[in-house]
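Chemist: Protein sequence lines correspond, in order, to chains G and W. The opening residue of the first sequence carries number 1 in the working numbering; numbering runs sequentially from there. The opening residue of the second sequence carries number 1001 in the working numbering; numbering runs sequentially from there.
No wet-lab data here; the hints were simulated from the structure. From a predicted model like this one, the values you see are computed outputs, not experimental measurements. Worth double-checking, as some hints may not be accurate.
Said to hold, decoys possible - Heads up, incomplete: computed chain W residues facing chain G, CB under 7 Å, no partners named: (1) PRO1014; (2) ASP1030; (3) VAL1041; (4) ALA1060.
Stated by the list, open to error - From chain G, some residues computed to sit far from chain W (all C-beta separations above 12 Å): (5) GLU18; (6) GLU34; (7) ARG166; (8) TYR179; (9) ASN187; (10) ILE275; (11) TRP277; (12) ARG319.
The beta-carbon is built from N, C-alpha and C at its ideal position, and this holds for glycine as well.
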Amino acid sequence: MYSQGLIGADSRTEETDEFLAAFQARIDAEEKIEPTDAMPEGYRRTLIRQIGQHAHSEIVGMLPEGNWITRAPSLKRKLALLAKVQDEGGHGLYLYSAAETLGVTREQMTEELHAGKAKYSSIFNYPALSWADMGAIGWLVDGAAIMNQVALCRCSYGPYARAMIRVCAEESFHQRQGYEIMLTLCNGTKEQKEMAQDALNRFWWPALMMFGPHDGDSAHSEQSMKWKIKRFSNDALREKFINATVPQAEFLGLTVPDPDLEWNAEKGGYDHGDIDWDEFWRVVKGDGVMNRERVQMRKDAWDNGAWVREAALAHAGKRAAKVAAE
Amino acid sequence: MGDVTPLWEVFIRPRNGLAHKHVGSLHAADEALALSAARDVYTRREEGTSIWVVRSEAIAASDPARAGENFDPAEDKIYRHPTFYKIPDDVGHM
Ligand SMILES: [Fe+2]
Ligand SMILES: [Fe+2]
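Here chain W stands alone, though its shape is the one from the complex:
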């Protein structure tokens, strides 16, 4: 059988109040096996209270070749930062 066991990405919520965070990947035949493997591989020391698994191929990613135009520091948009606005010290903390 030449089929390859698919790849999954694993996300774990360390504790309630925090978001699920990507921790790594693993191979599994289906979601049930992926969840149980994720539990064994990534939560041996109380690392989480909840696990998400998602097929790697289901993730859409931004194009790394366009990272510049997408994410370069927005130097021309400094008005989005609080320090752009001049408030006299006498006003106090704002």
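Chain G extracted, bound-state conformation:
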């Protein structure tokens, strides 16, 4: 979240063995890396990709819930949803700023998203079909995001870690408002409880997929762990999420849609069924139900807002010229 203007340093680094070893030593000593510090090109590129994807996920993540704001069942729910969606927009902006400190521009990141070159979390390519989905998304999707983001608060890159601390402080309300929606539905009519169960059925597996591929199949995992960009493996975080969430589902009186789910006293955690990785890769590669529509909506928002950006810049330019002439 430092400005590009503050990056006066030449970002090119000569990646000699000494340089790489000295950088790794700083990481191992738990030193934070700041924008003007020399860093390996791979470290910079990994962070640009990861923070950019994270920012896009926040922004695209506004769409499924934004769609329900006008249909919220009460003023209280509407206010909560509105505040949550606004928060997600803020999260996207903190993260874009963090990525910009690494020398990528906002325009580049936006273009890559719109061209389908940048990824975002696969979960947002699933449709939000009923009001209960607002409950399931807050509870499960934000719950999974919190698991990831709490771990990222200790990321070795200063601006990313600081953005995460801010984000985490705001996320807790997101999950709680979602769980409260689920509770209300589960204590309601039979149809309402069925809606809640249906939402859990559709969002459970995609939520588990949010943690990414198994550690062995995760392309960037090992180096990211070494650089302390990531502090916990995908599978470790996924297990943690399952162990925390299953009792919450039981409290609601809902059934987790996994027949193989079973408490394993020996490991102190749940055993669970296999994730459908074919589905995961299909959605990641662009063939989810909503991929095209989500990106199209972002493009439309960008294109339809172009005149506002142009007018604001023209107005600022004229005012500056007037002041200069006085």
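With chain G held as given, fit chain W with the ligands onto it using these hints.
Modeler: Quick look at chain W with the ligands alone, frame taken from chain G:
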């Protein structure tokens, strides 16, 4: 129009009695828009009572390549610290 919306740094005073502190950055066409965006992005939960915005390009920063000579612990200036001066315990707290 190829113009790029400029970058601003945002500083917030959490409450009176405390200094403005850097909280992040944002893009805006001018200072009025920067202030209103800063309010929306960085003060959704009573984080502040006052906001400063400044164009990022207006900030002069120290050269990171010279951080060593600028900021390395001044090991040869220990006389700037109270513990350098020996006062007998009998004198009491000072
Ligand atoms: Fe978020
Ligand atoms: Fe959230």
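Chemist: Confirm or reject each hint.
Modeler: Cross-check of the supplied hints:
1. Among the interface hints, the one on W/PRO1014 is violated; its C-beta lies about 13 Å from the nearest C-beta in chain G, farther than the 7 Å criterion.
2. Against a cut-off of 7 Å between C-beta atoms, the interface hint on W/ASP1030 holds, since the closest Cβ of chain G lies about 4 Å away.
3. Because the smallest distance between the Cβ of W/VAL1041 and any Cβ of chain G comes to about 5 Å, under 7 Å, the interface hint for this residue holds.
4. Look at W/ALA1060: its Cβ only gets to about 9 Å from chain G, farther than 7 Å, so that hint breaks.
5. Its beta-carbon lying about 16 Å from the closest one in chain W, G/GLU18 satisfies the requirement of being farther than 12 Å from that chain.
6. Remark: the non-interface label on G/GLU34 conflicts with the geometry, its nearest Cβ contact in chain W lying 8 Å away (cut-off 12 Å).
7. Annotated as non-interface, G/ARG166 brings its C-beta within 12 Å of a C-beta of chain W; the closest such distance is 8 Å.
8. The Cβ of G/TYR179 lies farther than 12 Å from every Cβ of chain W, with a closest approach of about 20 Å, so its non-interface assignment holds.
9. G/ASN187, annotated as away from the interface, keeps every beta carbon of chain W farther than 12 Å; the closest lies near 29 Å.
10. Every CB of chain W lies more than 12 Å from the CB of G/ILE275, the least distance being 35 Å, so the non-interface label holds.
11. Look at G/TRP277: its CB is around 37 Å from the nearest CB on chain W, clear of 12 Å, so calling it non-interface holds up.
12. Look at G/ARG319: its CB is around 7 Å from the nearest CB on chain W, not clear of 12 Å, so calling it non-interface is violated.
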